[in-house]
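Protein chains: 2
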Amino acid sequence: MAIERVAIIGLGLLGGSIGLAVAKHIPTIATTGFDADPEARQTAASRGLVDLVCDSSAEAVRDADLVIMCVPVGAIGFAAETIKDALPKAAIVSDVGSSKQSVGVALRAALPGHCIIPAHPVAGTEQSGPEAGFPELFEHRWCILTPPDDADENAVQSLTEFWETLGSKVEIMDAEHHDLVLAVTSHIPHLIAYTIVGTASDLEDVTRSEVIKYSAGGFRDFTRIAASDPTMWRDVFLTNKGAVLEMLGRFTEDLTALQRAIRRGDGDALHELFTRTRAIRRSIIEQGQDDARPDFGRSDHVTDKSDDH
Amino acid sequence: MAIERVAIIGLGLLGGSIGLAVAKHIPTIATTGFDADPEARQTAASRGLVDLVCDSSAEAVRDADLVIMCVPVGAIGFAAETIKDALPKAAIVSDVGSSKQSVGVALRAALPGHCIIPAHPVAGTEQSGPEAGFPELFEHRWCILTPPDDADENAVQSLTEFWETLGSKVEIMDAEHHDLVLAVTSHIPHLIAYTIVGTASDLEDVTRSEVIKYSAGGFRDFTRIAASDPTMWRDVFLTNKGAVLEMLGRFTEDLTALQRAIRRGDGDALHELFTRTRAIRRSIIEQGQDDARPDFGRSDHVTDKSDDH
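Sequence order for the protein chains is B and A.
One point on numbering: in my numbering, the residue at position 4 of the first sequence is 4, and numbering is uninterrupted.
One point on numbering: in my numbering, the residue at position 227 of the second sequence is 227, and numbering is uninterrupted.
Hints may contain errors.
Remember, identical chains collapse to one label, so a pair may be satisfied in a single copy or spanning two.
Taking lysine to any residue and the SDA-like style, the derived pairs with C-alpha atoms no more than 25 Å apart in a straight line are [as the list claims (entries may be wrong)]: (1) 169 x 208; (2) 241 x 275; (3) 241 x 268; (4) 241 x 199; (5) 169 x 300; (6) 241 x 256; (7) 241 x 78; (8) 241 x 252; (9) 169 x 154; (10) 241 x 261; (11) 241 x 253; (12) 241 x 208; (13) 169 x 205; (14) 241 x 254; (15) 241 x 267; (16) 84 x 113; (17) 24 x 299.
Hints are computed from structural coordinates only; laboratory data are not their basis.
Looking at chain B on its own, in the form it has when it is part of the complex:
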């Protein structure tokens, strides 16, 4: 089963990057696309994110053999409703959302009898919108598929090959386990980053200007993911509530233990943890999941946009 026509619903960072990556890696595939925002459709057309920008989602999916929903996970059920009547019987329906149990439920409810294979490319940047996409986004990144138990094997195979052709490594996983794993590797990190950036901007005794000036001490690393798309992330937390609260509980337990170690002056406990955490970064770099250059390579690229010392 070869994929020849891909429809992309939602032309933001993810949808746009898929369109551009298809054009780069599999130019024989015809792409159509739709975005609910007319301005985004215009930008998508002028950037050439897909071959044809359509005026409705129904029109975009009419001839597709693969439909990829690239909308915030909270909107996925509504978006699916809009394509229901036009969707070809044989098309595979997939998505790119960061929580997978809720997406599976929503898509199955809206599109009964269709072949639904939820997917999550673990890739992104803090940018969003139709200007943000680029064709290399998925290269060397993992894409997790969470097909239901009764999924058509050929369809799973086709979708796997599709993502591999875009440069991803593909893993098949149970949706429930996906949601637990991503709670740790993505959702809790975002939640913590949003929190500390919020805390820092609300202080009375430290000014916002001081927070910005001295952010190179570590804080700035958190501001990147705390600049991610608010609607997308609101939906992730609302749709993966169980796993997020479970992992948050473990994090705050560990933080409380560290707080106690500081209060008691237990230097050995601190040193032991701080030594242990170095190993994980080493593995992440060895496995090509982060930049090996110190400071994310930022120091290679020193710029000063402000001259008012």
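Here the structure of chain B is known, so what remains is to put chain A in place on it, guided by the hints.
Quick look at chain A alone, frame taken from chain B:
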């Protein structure tokens, strides 16, 4: 009062970078250096971190008009003891530590009657040791001086000019306020990063291999600062206990509020915070304190070191 001979005690990332930056920007200054680790002294000599690597700290400071202590803040009192008898009466003694009240107390106790001006260049990478330094580390970064009220104004002026020549912007601040500001912009971010990396590596239901594979979802951003030098950071938390516990209390309050919003499904509260936090990153980039490229510019530099999919 012109600085002509600088002694650097401790030749790790910070000490080494100061030596290299002096050689780059003010080659007329003669630099001497010492490190308690004989291997580090050898590396320092072969990399040319200072003009002359000495066999004792006393020898290194003998002719200096500026001595910069670049050791973990917990060791600064001991290191000061070792230079006490050799230190020229007129020399300025400074440091690079991340907590300033405790450093001031330790240096004044060990070196009574000397001119002590604690300093903190807000710059660094996750690397440490004599291999890690580079001359551009301080460029466009802030350096905070915390002179005591009775400090010699000429000495403060000389030290200010010294750091400005290395590329830094200098700010004078009260040591107590410094410790509060840095608790937010540096110490709490490190503590949180160490914690979440520890939490993620101790789970039973998510494997360490999964954490590493899917780290591009956000987690990897935290692993950078959680790979920082363990001894340096143990000492920071032990010496800035008060401000760290105070700021940690505010952070956990805010995190608890967010946890409640998730539990109750309060999407508006989440969306409001997630929108607000974007502004801070924009300011940090505008003020040249971080890289404007998406994903810290990592996406410009995609590499894959692992071929075992």
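Would you list, in rising numerical order, the hints stated earlier that this structure does not obey?
none
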